[in-house]
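> As a plain string of letters, each chain reads:
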Amino acid sequence: MLLISCPYCGVERPEIEFRHAGEAHIARPAEPSKLTDEEWAEYLYMRTNPKGLMAERWRHTHGCGRFFNAIRDTVSDKFVTVYKMGEAKPDLDQLLVEAAQ
Amino acid sequence: MPEKSVYSANADLAPIIATSRVRVAEAAPLIRFSLRGGEAAASHAGTAVGVSLPLEPLTSIATDKVAAFWLGPDEWNLVIQDDDARAMFERVETALADTPHSLVDVSDRNRALIISGRKAAWLLNSQVFLDFDEASFPVGMVTRTLFGKAEIMLWRQAEDTFVIEAWRSFMPYVIELLQEASRELEAA
Amino acid sequence: MTHEFRTSAGGRIDRSSPVEFTFDGKSYQGFAGDTLASALLANGVHLVGRSYKYHRPRGIVTAGSEEPNALVGIAREKGQNTPNLRAPQVEIYQGLNAESQNRFPSLSFDIGAVNDLLSPLFVAGFYYKTFMWPRSFWQRVYEPFIRSAAGLGKAPTDPDKDRYANYYAHCDVLVIGSGPAGLAAANAAAQSGARVILCDEQAELGGSLLHDATSMIDGKSAADWASETIKALSENDRVTLLPRTTGFGYYAQNFVALAERVTDHLANPDQSLPRERLWQVRAKEVVIATGAIERPLVFPENDRPGVMMAEAGRIYLNRYGAMAGKRVVIATACDTAYRTAVDLKAAGVDVAVIADLRPEPVGVHVDAARSAGIRVEGACVVTGTKGRLRVKSARLGRIRPDGSVTVMGEEACDSLLMSGGWTPNVSLYSQSRGKVVWDEEAGAYLPGPSVQHERSAGSCHGVYGLHAVLEDGYRAGESAARAVSSAAKRPETPSVSGGEAGAGGTLGALPHDRDPSRVRAFIDFQNDVTAKDVKLAVREGFHSIEHIKRYTTTGMATDQGRLSNMNALSVASKSLEKPIPQVGLTTFRQPYTPVTFGTFATTARGEAFDPVRRTPMHDWAVEKGAEFEDVSLWKRAWYFPRPGESMHEAVARECATVRESVGIFDASTLGKIEVVGPDAAEFLNRVYTNPFLKLGVGRLRYGIMLSEAGFIMDDGVVGRIAEDRFHVTTTTGGAPRVLAHLEDYLQTEWPDLNVWLTSTTEQWAVIAVQGPRARDVIAPLVEGIDLSTESMPHMSVREGRICGVPTRLFRMSFTGEAGYEINVPASRGREVWDAVWKNVEAAGGAPYGTETMHVLRAEKGYIIVGQETDGTVVPNDVGMDWAVGKKKADFIGIRSLTRPDIVAAGRKQLVGVLTKDPKVILEEGAQITAEASPALKTPALGHVTSSYYSSALGRSMALAMIADGRDRIGDTIYVPTAEGVVVVEIVSPVFYDAEGGKLVA
Ligand SMILES: [Zn+2]
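If you read the protein sequences in the order shown, they are chains A, B and C.
Be aware that the first sequence starts at 1, since it is given in this note's numbering, and climbs by one per residue.
Be aware that the second sequence starts at 102, since it is given in this note's numbering, and climbs by one per residue.
Be aware that the third sequence starts at 290, since it is given in this note's numbering, and climbs by one per residue.
The reader is advised that the hints may include incorrect statements.
To be verified - One-sided excerpt, in silico: chain C residues whose CB lies under 7 Å from chain B:
1. Tyr457
2. Gln1052
3. Thr1078
4. Glu1120
Claimed, not checked - Restraint-style ranges between C-beta atoms, simulated for each label pair:
5. His25(A) - Glu1274(C): 17 to 27 Å
6. Glu260(B) - Ser935(C): 55 to 65 Å
7. Asp1033(C) - Leu156(B): 20 to 30 Å
8. Glu1274(C) - Tyr43(A): 37 to 47 Å
9. Gly10(A) - Asp1033(C): 32 to 42 Å
10. Arg894(C) - Arg47(A): 37 to 47 Å
11. Thr120(B) - Val75(A): 43 to 53 Å
12. Gly10(A) - Ser935(C): 58 to 68 Å
13. Val240(B) - Gly10(A): 17 to 27 Å
14. Ala444(C) - Gln101(A): 52 to 62 Å
15. His25(A) - Gly914(C): 27 to 37 Å
Derived from the structure by calculation, the hints contain no laboratory data.
Just so you know, even glycine gets a beta-carbon here, dropped at the ideal spot from N, CA and C.
Modelling step: build the complete structure from the supplied sequences, incorporating the hints.
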């Protein structure tokens, strides 16, 4: 059972308090009706699915209830960092450098 | 019970578990409000109910008549001993009239258990995965978490006294598992 | 015969407490403190099992959980058998009944042993080769054969009556293994002030210290030093000591699972105790001190009962006072077996010879044996054994410098103790995802760099010799404590005499002078894998060790190959002509040893498997004899049969009662969300397809919620309680999902909106009163609300009181009749229900359940999300375009409703279907075709989604999703069934009161 850190509660909790909520930083278009079918399909379905660092949304469902963002390494399953909703996505290259040190 | 609390055992009901090392009792009915909003809402609501609402994550502020629990950055559970829920609701609503907020009466949504005694933390650890070492879970800490498969709110009222709140339909499950875990305390 | 092989004194058994037990029905006596294995050995019993494939007689080989042969089943009661228990781990108690496994009809005469004669048929990969063809034989012939002939033990036949507990624990330092390294580590960590858990799979803590008869620590015997150290730890309240507790699973982030056997060793366990406890430990730091495992020697007929590991012989002797034999041959490649020889000799056992593979054995251990007068032969190898059910003699050979072997002769013995050297037990390190590294000097795989917060101590990472192991343990305990707190300290390592490390060891098959085609040297005793099998696998093209493992089944025993892996690897490496590190090692996985299902399940079984949610009115329904159905976690009253009524009759009566007078229904399980805040209406307008901005206070609206892909995800009725306050209802099963969906949009897409969501599902008990007499029934109970249709029309909500209890009274209907849903605080639900029921009963009404609710709504053509819809249905498909706000610029899912495939012709649409024969009730889910007997692979037109007998129509009716269904109304189509084709006509989905006049009355 992984431990995940919640940026709102400031504590680590076992993963069953949390729910995964898909890739982060995919904003809903402001005016969906103006999008072409292709653009809409891109928004709905296309995800990066990287091998390595990935920005994801998680929700502290059985805790504070907040959605937050996390950078998780999809190879090692390690959480590199977590940050609050609305905060900027960290520079992944920078994180890789830090992780290597 | 080591000190006076907004939670008191319901005198009409037999204790759920009564051993020398741990005791579990259902709490008497209480008024419960779910307050949502920003710090301004928290401040005004606090004035109305008579305690200042906690802003630090996972903390609580309690008197013997009112307890305010931080459940999320914009969410508090207010637990109040008072006869008139409606009047209390109106009082808080009035104090919040000009502040964006949500106040919802959830008095009947939950039931509460008081778990006390030297083995209280041990009993909880049969289904709760949190570390109850005082360094990790000090007196006054409150959190939503899981009890087995049921979501609960858990508050450490005193070193050996905890309060569990759960949605009412989940409470029989919580009680059954507490009783199951406590059985071995009766062993010789 | 009793205790014939018991020493005259010594050991950790209580000779004043005899214990009677049976093995395969025969009575024996042991002493308190004996294991089943030690007690049997003391009685001269070596034969304890038959092997898995060849049914060869097998004896006790080890003194630990890695035991391959001595597997037993124990049943305290009929039907409660626990199979595959390792006899060296089973503690005897008065009245214990143990049964051997894999034998028929008895251990000494086993019919399956014919397999041994047919052994050429059972070579490596025998499953794959023997049971391949024809395929039809699998079910009837092969599988029953394999199951009966090859199964390990008997599964219990009855539900497990025992109770299993769970405990979540946290500690600074978890130490797994309580031998010298583990004790020292726990000691150092405890003295540093750390919270420590020390666990050991054995009944008594102390590990090898308990059978070390010669070493002294700080001037005390090893066992006394262990006792004192354990006592000090037990007095520290930050230390938890867990004997009989196996660390079986090392998972991510130092999450370690332990299985504690609480009562298996007790004759009459206290009923209040659980049988076993699962410890789910989150440790800041872990010390692995799991020791090393002695390797068997791979020589012909090395599987004969009486052939045992040398260290096991020493353990049984010193710890249990049980002698492996009276005349013993010791075969070794390693110094440590000499300790066994010396201890046996001291106990009066005749040690015939130590046959050492090494040409010139030297060192302190060898010297000790020689000075004890034991004959030592160098360059000497065992080339075979004799004896039917127990070894009678060992055949010895001389290894010449060129590697060939010449006959030396036979040595009579009743036990042969062997040692091929030691394999560090890296299982848990491997489970922690660490990569083992081959160490040429140690001739072993050792733990590599730590991946998690762990370190190994003692012989599990190749440190041998008592002094070095203790020192290593203190180091590990201190370093673990230091990682947690700066107060760490390392106790002084005590002075040690004796316990010197022993050199030597060998890997793989030994040389011999026998005909290779006629002899078998076993590598994996439990799975009957020989050196030849491994070689054959390599010849047949299996070159990866993972493939060799699966093809030969070597290393797939209950010990995961801890005993056999290195020998198998060595044989494979020689056959492949590749060095061992290039062949690799198979991965050790959880669990370390078998764990009962009960321990994994803990309390999650029966009623407590999941929370069972009941409404405030549940007991009333029980009293009224309701049948219940599960809807998500809820128990819902399904129907209320009167005595003698079938379900069909009860539902028909309930339906008629609602249509004709009035029914009462428990709707408390519906999800409820209070949506509050200045932007509440704006928010709901964005999440429902319907317009919500202009919904008046006191009004209700039915709303449909879509996913962003345009598909219906939930529906419900929304009431506006105040300008900034809405009472939203969801389906019973959809409540958590809908709340999460709304929170998702609120928090991540529209955090600027001032609106908040609070679940009120359990705040309210909901009493639905439906039917022409609904108003008459509730009117006398209601205060402060004008119930007249003019004042309170269909789809409105009022606040007031009922029976003196505050209520939110909804006028709404899911039945097609006029009706109300009375929301009252849950704690008052039952009293209000009782009062309403009294009036309903007086009016000739009845309670109804979910089945009647389903029929009534189907008669009206109302959908149920999840029944008519399946996650691919848009509002227009179910005829609900009217609920989609045409003037709305945006709502969740809006863009998807104009996707090309959503607007294309040919989509399935909701329609009604009526069978030509009104008595036929279609099956829900049945496929619908255009022709009576369509050609194979003709796609179906659609399927039946709901189907009932309708008492209002006096006939059957159904709803269906059919391609272009609305254009086909009036068509005749077909439903092929197992009983023949049913002819049906497509009709409108609204069967009852299409004008809706009854709702507004
Ligand atoms: Zn949180």
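> Determine for every hint whether it applies to the structure shown.
So, going through the hints one by one against the coordinates:
1. Of the supplied interface hints, the one on Tyr457(C) holds, with its beta-carbon coming within about 4 Å of a beta-carbon of chain B, less than 7 Å.
2. Given the 7 Å rule on beta carbons, the hint for Gln1052(C) holds: about 4 Å separates it from the nearest Cβ of chain B.
3. Taken as an interface hint, Thr1078(C) does not check out: its beta carbon lies about 29 Å from the nearest beta carbon of chain B, beyond 7 Å.
4. For the restraint placing Glu1120(C) at the interface with chain B, the shortest Cβ-Cβ distance is roughly 13 Å, beyond the 7 Å limit, so the hint is violated.
5. For His25(A) paired with Glu1274(C), a C-beta distance near 53 Å fails the hint of 17 to 27 Å.
6. The hint said 55 to 65 Å for the Cβ distance between Glu260(B) and Ser935(C), and at roughly 60 Å that hint holds.
7. Between Asp1033(C) and Leu156(B) the C-beta distance comes to about 25 Å, which sits within the given range of 20 to 30 Å.
8. About 43 Å separates the C-beta atoms of Glu1274(C) and Tyr43(A), a value consistent with the hinted range of 37 to 47 Å.
9. Range check, Gly10(A) to Asp1033(C): Cβ separation about 22 Å, and the 32 to 42 Å hint is violated.
10. For Arg894(C) paired with Arg47(A), a C-beta distance near 38 Å keeps the hint of 37 to 47 Å intact.
11. Against the hinted window of 43 to 53 Å, the Cβ-Cβ separation of Thr120(B) and Val75(A) comes to about 50 Å, which satisfies the hint.
12. Against the hinted window of 58 to 68 Å, the Cβ-Cβ separation of Gly10(A) and Ser935(C) comes to about 59 Å, which satisfies the hint.
13. For Val240(B) and Gly10(A), the Cβ-Cβ distance of about 18 Å falls inside the hinted range of 17 to 27 Å, so the restraint holds.
14. Between Ala444(C) and Gln101(A) the CB atoms are about 53 Å apart, so this pair conforms to the stated range of 52 to 62 Å.
15. Taking 27 to 37 Å as the suggested C-beta distance range, the pair His25(A) and Gly914(C) does not conform, at roughly 56 Å.
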